[in-house]
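Asks: These are the residues of each chain, in order.
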Amino acid sequence: MTDAIVTPVERANRTKYLPWITTPALVILLVLVWHFYTVLSGISPFILPAPSKVWQVWVGMLYSPRAWSHTLTTVTSTLLGFFFGMLVGVSLGLVIGRIRWLEVTLNPFIVATQVVPKVALIPLFVVWFGFGMTPKVLVAAVLSFFPILTNTVLGVKSVEAGHRDVMTSINATRLQTFLQLDLRNALPYIITGMEVGVVLAIIGTIVGEYLGGSAGLGYMLVSEMNSYQTDGLFAVIIHMTILGFVFYFATGLLRRFMIPWHQSAHA
Amino acid sequence: MSLAGSMTSPAQLEGAASPIIKLSAVSKWYGTRDRPVHALAETNLDIAAGELVVLLGPSGCGKTTLLRMIGGLLDPTQGRIDISDKELWKNGERQGEAVANLGMVFQDANLFPWLTIEENVALPLKLRGVPKAERQARARDLMDLVKITGFERRWPKELSGGMRQRAAIARALSYGPDILLMDEPFGALDAMTRDSMNVELQRIWQETGKTIIVVTHSISEAVFLADRIVLLSPRPGRIDSIHHVTFPRPRALDVQTSLEFQSLVKTLRHRLAEVE
Numbered sequence: 001m002t003d004a005i006v007t008p009v010e011r012a013n014r015t016k017y018l019p020w021i022t023t024p025a026l027v028i029l030l031v032l033v034w035h036f037y038t039v040l041s042g043i044s045p046f047i048l049p050a051p052s053k054v055w056q057v058w059v060g061m062l063y064s065p066r067a068w069s070h071t072l073t074t075v076t077s078t079l080l081g082f083f084f085g086m087l088v089g090v091s092l093g094l095v096i097g098r099i100r101w102l103e104v105t106l107n108p109f110i111v112a113t114q115v116v117p118k119v120a121l122i123p124l125f126v127v128w129f130g131f132g133m134t135p136k137v138l139v140a141a142v143l144s145f146f147p148i149l150t151n152t153v154l155g156v157k158s159v160e161a162g163h164r165d166v167m168t169s170i171n172a173t174r175l176q177t178f179l180q181l182d183l184r185n186a187l188p189y190i191i192t193g194m195e196v197g198v199v200l201a202i203i204g205t206i207v208g209e210y211l212g213g214s215a216g217l218g219y220m221l222v223s224e225m226n227s228y229q230t231d232g233l234f235a236v237i238i239h240m241t242i243l244g245f246v247f248y249f250a251t252g253l254l255r256r257f258m259i260p261w262h263q264s265a266h267a
Numbered sequence: 001m002s003l004a005g006s007m008t009s010p011a012q013l014e015g016a017a018s019p020i021i022k023l024s025a026v027s028k029w030y031g032t033r034d035r036p037v038h039a040l041a042e043t044n045l046d047i048a049a050g051e052l053v054v055l056l057g058p059s060g061c062g063k064t065t066l067l068r069m070i071g072g073l074l075d076p077t078q079g080r081i082d083i084s085d086k087e088l089w090k091n092g093e094r095q096g097e098a099v100a101n102l103g104m105v106f107q108d109a110n111l112f113p114w115l116t117i118e119e120n121v122a123l124p125l126k127l128r129g130v131p132k133a134e135r136q137a138r139a140r141d142l143m144d145l146v147k148i149t150g151f152e153r154r155w156p157k158e159l160s161g162g163m164r165q166r167a168a169i170a171r172a173l174s175y176g177p178d179i180l181l182m183d184e185p186f187g188a189l190d191a192m193t194r195d196s197m198n199v200e201l202q203r204i205w206q207e208t209g210k211t212i213i214v215v216t217h218s219i220s221e222a223v224f225l226a227d228r229i230v231l232l233s234p235r236p237g238r239i240d241s242i243h244h245v246t247f248p249r250p251r252a253l254d255v256q257t258s259l260e261f262q263s264l265v266k267t268l269r270h271r272l273a274e275v276e
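Protein chains in written order, with the working numbering: chain C, 1 to 267; chain A, 1 to 276.
Quick caveat, the hints were computed from the structure, so don't treat them as lab data. A virtual CB, placed ideally from N, CA and C, is assigned to each residue, including glycine. Please note that the accuracy of each hint is not assured.
[What the hints assert, rightly or not] Reference listing, derived: stretches of chain C covered by chain A, where coverage requires no fewer than 3 residues with Cβ under 8 Å from a Cβ of chain A: (1) 160-167; (2) 181-191; (3) 253-264.
Just need the whole structure built from these sequences, with the hints factored in.
Replies: Now the structure itself:
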């Protein structure tokens with residue numbers, strides 16, 4: 001037989017471990033520049049605190065039950081918002097990806113939810129739902145559903161005609177075609193949408209907490225600012241950034257488990 | 001006329017037994033009411049069980065249209081198609097009972113990238129509710145038949161084009177249809193792989209006794225494979241002539257160098273040039 005096996009994975013391995021070196025190196029460089037700037041320029045710690053001080057405060061946060069309670073509030077709102085955004089985004093995307101007239105009908109309204117400044121909605125949500133968790137969840141959901149929706153639609157539309165022919169020729173029902181073909185074809189796209197969506201969900205939650213409420217990292221940020229604790233402000237920002245990374249990579253990890261066949265799972 | 005080929009008119013009846021595929025006055029129009037395109041003129045064709053028929057013709061002759069109608073992917077505008085004495089199309093709806101006896105292979109293997117080779121081969125059985133152990137055993141048998149044993153757990157992208165096409169054949173045979181319809185199955189392969197796949201197809205056909213229809217625009221492929229070549233001509237697509245090919249089986253690739261083979265190829269080429 002003249003046929004041979006192709007293994008495209010090896011090629012990607014060369015650059016795979018590069019970030020393990022470059023990322024720490026660049027972070028260290030950045031911190032060094034920051035450190036020497038604060039030492040040499042004599043800038044007020046109210047404007048720019050030294051990295052060592054920020055580190056101290058952040059480590060202190062890790063031992064503070066109050067900070068963890070705020071973190072938990074933010075994580076809960078984010079996950080709930082993300083969950084609802086995903087629920088609406090995926091199910092709506094699967095439907096309008098297959099039904100053209102519905103897509104045309106709903107499109108202006110879907111775009112409207114995105115072009116309206118979400119920050120302007122928050123006071124309205126506060127009026128409707130109070131200062132609790134609900135308005136934050138809602139903002140997170142509104143922000144995260146859009147990339148998930150558009151990617152799902154793209155995923156359903158990108159089903160190859162030849163694959164549909166196969167399902168027809170093996171006598172598949174509509175439901176079987178939907179489950180075995182449309183859904184599975186859309187999955188890599190959905191996960192891409194989720195990666196963007198989860199980051200937007202965090203932003204939505206934090207902005208919501210920032211503008212109204214008494215809990216969460218967004219609220220913590222405001223209270224640090226109001227008491228002129230610039231080092232605390234920096235610590236909260238770093239805390240949020242790490243949280244964002246965790247969410248992003250957790251979503252990315254889905255690739256390995258849900259779409260091991262896809263090229264992106266090995267990148 | 002060459003020794004290996006003889007010509008009959010399309011209307012002539014083939015054999016005495018009831019044909020496994022019967023086309024009665026089938027025609028196809030595409031397009032809108034204002035600008036209709038006549039893809040296939042009224043066509044009659046009987047295919048006997050166990051026959052290997054090749055539909056040969058230039059592009060636009062309606063050979064793929066014809067095959068897709070027989071395969072239940074495209075409804076005929078007029079006429080009637082019977083598969084094993086069951087009507088395939090009723091009021092524009094394909095009938096599952098008739099479709100169940102058809103297996104299709106396309107120019108692209110069209111394997112699902114999210115399924116392993118074995119899962120791809122077994123997919124039709126999964127949809128039919130066959131238990132896992134049973135469909136696995138069946139998939140392994142078929143992978144053995146098409147000689148891709150050892151690749152059960154591979155993703156389709158890890159296989160070469162020829163091997164993917166073997167898997168596609170195995171999938172089409174998985175639920176045991178009597179008929180295999182192939183639309184330019186080796187058209188995307190390189191010449192050498194294509195030759196070996198044609199030998200393989202002949203072996204699979206002889207081992208399984210299936211009825212096979214192959215669409216191609218390669219004259220030598222048609223002559224190598226066919227019991228009967230149905231030559232189609234374009235505008236509108238219609239059956240031009242039918243050529244019987246009587247080289248003994250199994251045919252080796254060397255048959256292509258024989259004078260009879262080449263003279264039949266020449267006859268067909270001249271005829272194709274005339275109709276185009």
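Asks: Looking back at the numbered hints, which does the structure fail to meet, lowest number first?
Replies: none
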